[in-house]
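Taken in sequence, the protein lines are chains V and B. Under this note's numbering, the first sequence has 102 at position 102, and the numbering climbs by one with no breaks. Under this note's numbering, the second sequence has 21 at position 21, and the numbering climbs by one with no breaks.
These aren't lab readings, by the way, just hints derived from the structure by calculation. Don't take every hint at face value.
Ranges of calculated distance between the beta carbons of each label pair, as one might list FRET restraints [unchecked claim]:
#1 V/13 x B/84: 32 to 42 Å
#2 V/111 x B/88: 36 to 46 Å
#3 V/97 x B/58: 20 to 30 Å
Here are a few chain V residues that sit away from chain B, every Cβ distance over 10 Å (derived from the structure) [as the list claims (entries may be wrong)]:
#4 51
#5 108
#6 133
Sample of chain B residues lacking proximity to chain V, with all beta carbon distances greater than 12 Å (derived) [what the hints assert, rightly or not]:
#7 56
#8 109
#9 142
Here the structure is a predicted model, which is why all the values come from computation and not from measurement. Even for Gly, the Cβ is constructed at its ideal location relative to N, Cα and C.
2 protein chains.
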Amino acid sequence: MEQRAHFITLATPDLEAVRRFYVEGLGWEPRLDVAGEIVFFQVAPGLLLGFFDAVKFDRDLGGAGDAPVAPSGLTLAHNVGGPQEVRDLVAAMATAGGTVLKPPQEGAFGGVFHAHVADPNGVVWEIAHNPHWRVDEDGTVRLG
Amino acid sequence: MEQRAHFITLATPDLEAVRRFYVEGLGWEPRLDVAGEIVFFQVAPGLLLGFFDAVKFDRDLGGAGDAPVAPSGLTLAHNVGGPQEVRDLVAAMATAGGTVLKPPQEGAFGGVFHAHVADPNGVVWEIAHNPHWRVDEDGTVRLG
Numbered sequence: 001m002e003q004r005a006h007f008i009t010l011a012t013p014d015l016e017a018v019r020r021f022y023v024e025g026l027g028w029e030p031r032l033d034v035a036g037e038i039v040f041f042q043v044a045p046g047l048l049l050g051f052f053d054a055v056k057f058d059r060d061l062g063g064a065g066d067a068p069v070a071p072s073g074l075t076l077a078h079n080v081g082g083p084q085e086v087r088d089l090v091a092a093m094a095t096a097g098g099t100v101l102k103p104p105q106e107g108a109f110g111g112v113f114h115a116h117v118a119d120p121n122g123v124v125w126e127i128a129h130n131p132h133w134r135v136d137e138d139g140t141v142r143l144g
Numbered sequence: 001m002e003q004r005a006h007f008i009t010l011a012t013p014d015l016e017a018v019r020r021f022y023v024e025g026l027g028w029e030p031r032l033d034v035a036g037e038i039v040f041f042q043v044a045p046g047l048l049l050g051f052f053d054a055v056k057f058d059r060d061l062g063g064a065g066d067a068p069v070a071p072s073g074l075t076l077a078h079n080v081g082g083p084q085e086v087r088d089l090v091a092a093m094a095t096a097g098g099t100v101l102k103p104p105q106e107g108a109f110g111g112v113f114h115a116h117v118a119d120p121n122g123v124v125w126e127i128a129h130n131p132h133w134r135v136d137e138d139g140t141v142r143l144g
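Bound-form chain V, shown alone (with noise of 0.2 Å):
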């Protein structure tokens, strides 16, 4: 696994307060603002950072049914670059003493091909294949 962050995502009780706190209040710029879904900052080269629904955090983690760890409010995303690369990442993670939380397949929310696996002390990598996100050469990330 490339040694590499691409999101940071955040579960988020209020979405309106993000935007006063760091939009109104801060100075910040959204590089993406979906209502009542997510808001993305750009805080370092090609890493965003993601402010998500609870609601729809919760949702976009479910599938396991059974899973052994709980959503913990906090997902990285590393993107690769297809379904199968997903796979065999997933694969090699769970290899390495990784828990699948959510088995590769199509996401609910951006388009995504993905999978969540949470690591020995429970944090979760989204694995992800994302056709809509780019990373320009001076590190700008561009979704869609």
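Since the structure of chain V is provided, determine the placement of chain B on it from the hints.
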């Protein structure tokens, strides 16, 4: 506040599990590994992901005594140029609606001068002056 995170830090019950999964299992190389305390991996240009012993994580965020927001198991860090800049930014974040969990002071770890501020959803930012931290032109993070 510059739209930037410099560290993502996670409270971690089992540091040995971090080494087995990320280093031995996935082949990652720590940027800094302090036994019994913290392991840092660089996961984006200029960005470190820290796995911080959970007991020391809680101690690092303590000190306010009657903090209305409990440690969340996650901090985002934003580094500035000196102690006065820490004080000024913490004041600006409080004005923007943030909750000061730990007023500006010398930190217990890492030789930093820092403060902790929760955003309206309880996400904890560490605002720090860290004289041992720098970022090379190619994005590589140096500590000490």
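Verification of the supplied hints:
no.	hint	verdict
1	V/13 x B/84: 32 to 42 Å	holds (34 Å)
2	V/111 x B/88: 36 to 46 Å	holds (42 Å)
3	V/97 x B/58: 20 to 30 Å	holds (25 Å)
4	51	violated (7 Å)
5	108	holds (22 Å)
6	133	holds (14 Å)
7	56	holds (14 Å)
8	109	holds (19 Å)
9	142	holds (16 Å)
The structure is inconsistent with hint 4 alone, although it conforms to all the rest.
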